[in-house]
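Given next are the chains, with one letter for each unit.
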Amino acid sequence: MPKDFLRAGVLTLAVLAVLALSATAFEWPADAGKFRYGFGSFRNGFLRGVEFGAAESLVRAVDRGELTFVATGTSLPGGYPIHGGSLLVVSHASDMMSIYAGLKRGSSSSFLKNLEPGDILGRSTAIVNGRGVSFYAYDSKSRRFINPLVLMPGIPDDKPPVIRSAMLSLKGQDTVIDATKPIRQGLYHLLLDAFDTTPAGAAGAPFEVRVLLDGSERARVVYDASWSAGGTSLLFGATGLVEDEFQTPDGRLRFGPFNMSSGRVVLTIIASDFAGNTREQTYSISVQ
Amino acid sequence: MNDGKGRRTTAAVLGVVVVMLVYFFVFAEPLSPELSAVPQWKISLGVGTAAVAGDGGSDLLAYAAGDRYGYFSPDGDIAFIAESPAPVPISDSSYIAPASGKTAAILRNKSSDEIAPFTAGLPFYASGRLFSAEGDGTALSSYDERGNKLWSYAFSCQLGAFSAGDRLVVGGTVDGLLEGVDAEGRQVFSFAPGGSRLPVVLGVGTSLSGDWIAAITGIDKQRLVVLGRGGSDYRVASHKYLDSDFREPVRVLVMEDDRHVLYRRDDGIGVWAVDGSIDTVLPVRADTFDAAMDDSKGIAYIIARRGRKSEIVAIRLPATLLGRIALPDSSEFVRISGSSAYIGGRTWLARFDFVED
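Protein sequence lines correspond, in order, to chains A and B. Each number in the numbering used here corresponds to the 1-based position in the first sequence with 6 added. Each number in the numbering used here corresponds to the 1-based position in the second sequence with 3 added.
Since the hints were derived computationally from the structure, they do not count as laboratory data. A couple of the hints might just be wrong.
What the hints assert, rightly or not - A short list of chain B residues far from chain A (calculated; beta carbon distances all over 12 Å):
1. Ala14
2. Leu48
3. Ala82
4. Ser96
5. Arg170
6. Leu256
7. Asp260
8. Ser280
9. Arg311
10. Arg319
11. Leu330
As the list claims (entries may be wrong) - No farther apart than 25 Å at their CA atoms in a straight line, the calculated lysine-lysine pairs in the BS3-like style are these:
12. Lys243/B / Lys224/B
13. Lys177/A / Lys312/B
14. Lys187/A / Lys177/A
15. Lys147/A / Lys40/A
16. Lys312/B / Lys45/B
17. Lys165/A / Lys40/A
18. Lys105/B / Lys152/B
19. Lys152/B / Lys147/A
20. Lys119/A / Lys152/B
21. Lys165/A / Lys119/A
22. Lys119/A / Lys45/B
Please read these numbers as outputs of a predicted model, since none were measured by experiment. Where a beta carbon is used, it is the ideal one built from N, C-alpha and C, also for glycine.
Only chain B is shown next, with the shape it has when bound in the complex (with noise of 0.2 Å):
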C-alpha cells in the first residue's frame, strides 16, 4: 500500500519535471535583455538666440512647452527659444510665428527664415503636414512647405476625431461619419461605422502608410472599427464590441508596423491586431499616449499621460512590458525619436538614450 504510493508520488515529480524541461526547451524564448535609460545631457532654457554647430541645423528637433517653443540639436544645443501667448504650431521644418500688432502670422522656417504671411485663422501640423481647421471645426485645408493653400475639404459637420498619414488624412464627426482625403484634397471614402445606439466618432488613427484606419465609434455600444484599403476603397478588416462608455475623445494609433492598433481603455491600452487575430490589454492606465517605434531594436515606446503624472513605457510589441520610467510632473515635452528620449518643461530639456545590457 504505501510502495504503491511512493510510486506514484515519484512518477507525478518526474511528471512534472518531465513537463519543466519540455517547456523550457521545446518552448523556449529568449529572454528580454535589460534596458536601462542613460542620461546622456540635460540643459536650461532661457528665452534666446543660440548658434548651432554642425550641419547648419538640418537635424534640428522642435520643442514646444508652455508658452516657450524653438528648435534644439540632438547634440543639446539651442537653436532658438521664444515664447508667445498663444499655442505656436511647430513641426521639425517650420513654424508659424504668431500675429502681433498689424502684423499677421508668418511662417517661418526652422532658422527663423520668412517663408510668407500666413492668414489662416487655426493653423496646425500633423505628421509633419502644415493645415487649418475652417469652418467652426467642420472643414480643413492643407498648404504646401510654402504656405500655399492645396485645398479644402468640408466635412458633414464638427469634428470629433483627426488623424493624418503621409498621403492620408481621416476626419471623425460628432455626427458618427468617418472621411477620407487623400493628398489632393478628394473624397476616398466616407464610411458611417454604426452598430451603436448613438452614432459618433471618438477616436481614429490612420497608418503613416494610409493602409489601415482605426476607430472607436458609437455609444452604447461602443465599438472598435478597422478599416484596410482594398483596391482604391476601404472596408471593415475587423471590429469589435468594447465596454467603454467613453464620451469625449479617444486616443487610437496604427503602429508604424502596420499590424498592431493602440487604443485607450479604461483598464489600460488595448492592442488589437488589425486582422483581430490579436486583442489584449496593456495594464498601462492613461488618458491619451503616443507610441514611438524604435525599428533597430524591435521595441515600442508608449508615451502616457494620465492627469500631470507621465511615463515612458517601453514594450516589443503585442504586450511585453519592458520596463516603465516615470517622468517629472513638469515634463510637458516628450519626443521620442530611434531609441533618445527627449523630455522637458518650460525650463528645461533633457536627453536620455534607452540601451540594452
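One chain only, chain A, in its complex shape (with noise of 0.2 Å):
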C-alpha cells in the first residue's frame, strides 16, 4: 500500500511539472475557448481534449510549433478512418504536442510549416455527426494526454457541478439512493451521474470528484491526464483508472467498492470544477 501510494505521488508530481512549465503557454485555439465539452466528458467514450462547437470560425495554433502531419480525407492508407474527416499535428518546445481534429475539408493550412501561436490552421464547420472541431494537448515524452484547461487561459465560471444521480450498485443490480430505504450489507459500487456546464452550455465533466464515507475520503479523481499502457486506455495521474471500468457505457462515473456494513452510512459527494467551484451532497443510508 504504501508503495502505492508513493508511486501515485510520483506520477502526481511528474503531471504537475509538466502542467507546470507548459502552463499559460497555449492560447485557445478557436471560439475564444467557449468551448461545447471538456476533458472528461462523455463523447461515446473519455474524452481526451476539448470540443468546440461554432460553425465556420477560424482554427489557430496554440502556440508556436512545427506542423509535423496533416491528413484529409475519409480514411488513412490502410483503412482506418480519420476522426472528424481531418487531422493535423504540431510538435511545440518542452516536448508538447496540439493535435485538432474534424476541421473543414480543404480549409487544413498543410502548406504552412513553421507556426507562430495564433496562425491559422483552417476553419472549424457544422457539426458533423454530433462531432465538432476537436483540441488535444498532449505530452510526448510521458505521453499522455493532458486537461487542456490546465494549459489554457482562464474562462470565467460561477456555476458549481450538478450532481444529478447517485447509485449503489451490487452485483449487477442498481439502487437509487434513498434515505428512507435501507440496504442490505454488501460490497457496493457508487454510479454518479455529475456534469459540470460548459461555456457553451453543454453538460461536461467536472474536474475533481471526491468520495466520502462517514467523513473518510475514500476515492479521489482529478481529470488531469490520460493515457494508455499495453492497449488499455487509464484515466487520472494520481489514480490510473481503467477507463472502461470507471466510465460506465451511458457515461455514469462508477466508484468503488465500498463495503458497507450495518448501521448508518454517511455518503458524501464533491464534486469541483477547474475555476473552484463545489458542489457537495450528503446521504444517509440505513445498512441492515
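From the two separate chains plus the hints, produce the assembled complex.
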C-alpha cells in the first residue's frame, strides 16, 4: 500500500511538473475558449481533449511550433477512419504536441510548416455526426493527454457542477440512494451522474470528484490526464483508473467498491470544477 | 604506321563483338513476353437488385464508388447496387448498412441478409476483418463475422498510420510509436523508431503473414524502417534514411512475397528488400497506390493514383516495368484479382484481363 501511494505521488508530481512547465503557454485555438465539451466529457467514451461547437470559425495554432502531420479525407491508407475527416499535429517546445481534428475539408493549412501562435490552421465546420472541431494537448515525453484547461487562459465560471443522480450497485443491481429505504450489507459500487456546465452550455465533466464515507475520503479523481499502457486506456494521473471500469457505457462514473456494513453510513460526494466551484451532496444510508 | 593503326581498329572492333557475344550468350535473360489488356465486359450500373446466376453468389466481389456500393460477380452479373450519402464499409463477405431514421446500422452479409445490428461509431474493413475506430482516433476494436466485439486496444495517441494482416494489426501514432496487436488483442510489440528530429509515424505496412512490418517515420530526417519477427519479438531488419519530407500519410506496402517493400517517394515508388539488399525506384509518380500479385505469372500490378489520374502498372519485382495503362478519370473503383482488373465509376463497371502474348 505505501508503495502504491508513493507511485501515485510520483505520478502526480510528474504530471504537475509538466503542467507547471507548460502552463499559460497555450492560447485557445477556437471560439475564444467557449468549448462545448471539456476533458473527460462522455462522447461515446472519455473525451481526451476539448470539443468546440461553433460553425465557420477560424482554428488557430495554440503556440509556436512545427506542423508534423496533416491528414484529410475519410481514412488513412490502411483503412483506419480519420476522426472528423481531418487531423493536424503540431509539435511544440517542452515535448508538448497540439492535435486538432474535425477541421473543414480543404481548409487545412498543410503548406505551413513553422507556425507562430495564432496562425490559422483551418476553419471549423458545422457539427458533423454530433461532433465539432476537437483539440487535444499531448505530452509526448510521458505519452499522456493533458486536460487543456490547465494549459489555457482561464475562463470565467461561477456555476458549480451538478450531481444529477447517485446509485449504489451490488452485483449488477442498481439502487437509487434513498434515505428512507435501508440496503443490505455488501460491497457496493457508487454510480454517479455528475456534470459541469461548459462555457457553451453543454453538460461536460467536472474537474475533481471526491467520495467520502463517514467523513473519510475513500476515492478521489482529478481530471488531469489520460494515457494508455499495454493497450488499456487509463485515466487520472494519481490513480490510473481503467477507463472501461470507471466510465459506464451510458457515461456515468463508477467508484468503489465500498464495503457497506450494518449501521448508518454517511456518504458525501463533492464535485468541483476547474474554477473551484464546488457542489457537495450528502446521503445518510441505513445498512442492515 | 597506317598498318599498325588499322590493326588496332580491327582488334577494337573484334573486342567489342566478343564482348557483345559474351553479353548475349553468357548473361542472357529471357525477354518479358508482351503483356496485353484484353477487355472482357463493361456494364452500366443502376440502383437495384438482380439475381446472380451460378453458385449462389459465393464468388461475389465487393464494389464501392462515390455514393454507391454493392456486389458483382467476375462474369459481370450484379447482385445489387445501393446508394448511401455516407461511405459504406464493405468487404467481400459483409457490409454495414447505414442507419436510417431510428434504425441502427446493420451488419449484413453479401446476400443482404441481416447478421446483427451494429452500433460502433466508425466501422471499417481491413484485410477482410471488421474493425471500428474508437477513442477519437486513438483506439481500435475488432469484431468477428457475427459482429461480436472481440477486443479493444488503446494506442498512446491518434493514429497516423495503420495496417492489418491476417493475424497482426499495426498502428503508428503521430507521436512516433509503432504498436503491434495480435488476433486476440494482445500487444506483441511497442517500438519507437526514433532517429529523427521529430517523431511521427507517417506510413506502415505489414505482410499478410505478420512476419514483416515496414514504416516511414520521423521528420528531419525521414526513415524507412523494416521490422522482422524474431521468435516472439520484432527487431529492426533493415533501415535507410530518405530524402523526403512528407508530413502527411504515406503509403507503404509489404508485398505478398514477404520480400519486397513498396513505399511512396517524391520521385516514384521506392522498392526495398526487407533485408536491405534491394534499393531501387520505379518511375511511377503516385500520391497513393495499391498493389496485387499475380502469382501464376509472377507479375505485380500497381494501382497508382495521382490527383484525379490513375493507372495500372505491371511490373516484375523488383523493378522491371512491363507496361502501364492509364485509366479513365472517373475510375473510382479499381481492383485486381489474379490477372483480372475490375475498374468502375459510379455508373459503370468493366473488367479486362492481362494476358501474355
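Consistency of the hints with the structure:
1. Listed as a non-interface residue, Ala14/B keeps its Cβ farther than 12 Å from every Cβ of chain A; the least gap is roughly 58 Å.
2. The claim that Leu48/B is not at the interface with chain A holds, since no C-beta of that chain comes within 12 Å of its own (minimum 21 Å).
3. Non-interface call for Ala82/B relative to chain A: holds, since the shortest CB-CB distance, roughly 23 Å, exceeds 12 Å.
4. Every C-beta of chain A lies more than 12 Å from that of Ser96/B, the closest at about 15 Å, which supports listing it as non-interface.
5. Interface exclusion of Arg170/B from chain A stands, the closest Cβ pair being 15 Å apart, more than 12 Å.
6. A beta-carbon of chain A comes within 12 Å of the beta-carbon of Leu256/B; the shortest separation is about 9 Å.
7. The Cβ of Asp260/B sits about 19 Å from the closest Cβ of chain A, beyond the 12 Å cut-off, so the non-interface label holds.
8. Against chain A, the non-interface label of Ser280/B holds: every CB pair exceeds 12 Å, the least being about 26 Å.
9. At the 12 Å boundary, the C-beta of Arg311/B stays outside the reach of chain A, the nearest C-beta of that chain being 14 Å off.
10. Under the 12 Å C-beta cut-off, the non-interface status given to Arg319/B relative to chain A holds; the minimum distance is some 24 Å.
11. No Cβ of chain A comes within 12 Å of the Cβ of Leu330/B; the nearest lies about 19 Å off, and the non-interface call holds.
12. Pair hint Lys243/B plus Lys224/B holds up; C-alpha atoms about 10 Å apart against a cutoff of 25 Å.
13. Between Lys177/A and Lys312/B, the direct Cα distance comes to roughly 60 Å. Violation of the 25 Å bound is thereby established for this hinted pair.
14. Between Lys187/A and Lys177/A the alpha-carbon distance is near 19 Å, which keeps this suggested pair within the 25 Å criterion.
15. Distance hint between Lys147/A and Lys40/A is unfulfilled; the C-alpha atoms sit about 29 Å from each other, more than 25 Å.
16. Restraint check: the Cα-Cα separation between Lys312/B and Lys45/B comes to about 20 Å, which is no more than 25 Å; the hinted pair holds.
17. Our distance criterion of 25 Å between C-alpha atoms is met by Lys165/A and Lys40/A, whose separation comes to about 15 Å.
18. Between Lys105/B and Lys152/B the alpha-carbon distance is near 23 Å, which keeps this suggested pair within the 25 Å criterion.
19. A distance of roughly 32 Å separates the Cα atoms of Lys152/B and Lys147/A; the hinted pair therefore is violated under the 25 Å criterion.
20. For the hint linking Lys119/A to Lys152/B, the alpha-carbon distance of about 40 Å lies beyond 25 Å, and the restraint is violated.
21. Proximity of Lys165/A to Lys119/A is assessed by CA-CA distance (about 40 Å); at most 25 Å being required, the pair is judged violated.
22. The suggested pairing of Lys119/A with Lys45/B is violated, with an alpha-carbon distance near 46 Å, which exceeds 25 Å.
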